[in-house]
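Asks: Residue numbering for the sequence shown follows this note's numbering, starting at 1 and increasing by one per position.
Hints were generated in silico from the structure; no laboratory data involved. This structure is a prediction, so every number in the text was calculated from the model and none was measured. Watch out, some of these pointers could steer you wrong.
What the hints assert, rightly or not - Pairwise CB distance ranges (calculated):
1. 35 - 4: 43 to 51 Å
2. 14 - 38: 36 to 44 Å
3. 25 - 5: 29 to 37 Å
4. 33 - 8: 31 to 39 Å
5. 36 - 4: 46 to 54 Å
6. 13 - 33: 27 to 35 Å
Using N, Cα and C, we set each Cβ at its ideal position, and we do this for glycine too.
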Amino acid sequence: MTNYNKNINIVIIIFLICIFIITISTIIFIVIVIVSLTSTTTAVTESALVGGRVPCYYVKQLNP
1 MTNYNKNINI VIIIFLICIF IITISTIIFI VIVIVSLTST TTAVTESALV GGRVPCYYVK
61 QLNP
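Using the sequences and the accompanying hints, generate a full structural model.
Replies: What follows is the structure, given as structure tokens:
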């Protein structure tokens with residue numbers, strides 16, 4: 001029974017980790033969508049994501 005219980009615990013832990021990753025990626029996606037709605041912050045965050053110095057016209061091409 002101990003091995004069976006350990007397997008169940010491992011499955012639960014993996015399941016929780018998957019839920020955690022999904023929620024984090026969803027939050028990041030929502031944040032990116034909200035940021036994309038405003039153009040000025042899009043330029044800032046895009047340049048921050050890429051590592052700075054992204055031209056504004058390049059950002060506008062990404063988000064028409």
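Asks: None of the hints should be skipped; say for each whether it holds.
Replies: A quick look at each hint next to the structure:
Range check, residue 35 to residue 4: about 47 Å between beta-carbon atoms, so the 43 to 51 Å window is met. Range check, residue 14 to residue 38: about 38 Å between beta-carbon atoms, so the 36 to 44 Å window is met. In this structure the supplied range 29 to 37 Å holds for residue 25 paired with residue 5, their Cβ-Cβ distance being about 31 Å. Between residue 33 and residue 8 the C-beta distance comes to about 37 Å, which sits within the given range of 31 to 39 Å.
Range check, residue 36 to residue 4: Cβ separation about 48 Å, and the 46 to 54 Å hint holds. Restraint check, residue 13 to residue 33: a C-beta distance of roughly 31 Å satisfies the suggested window 27 to 35 Å.
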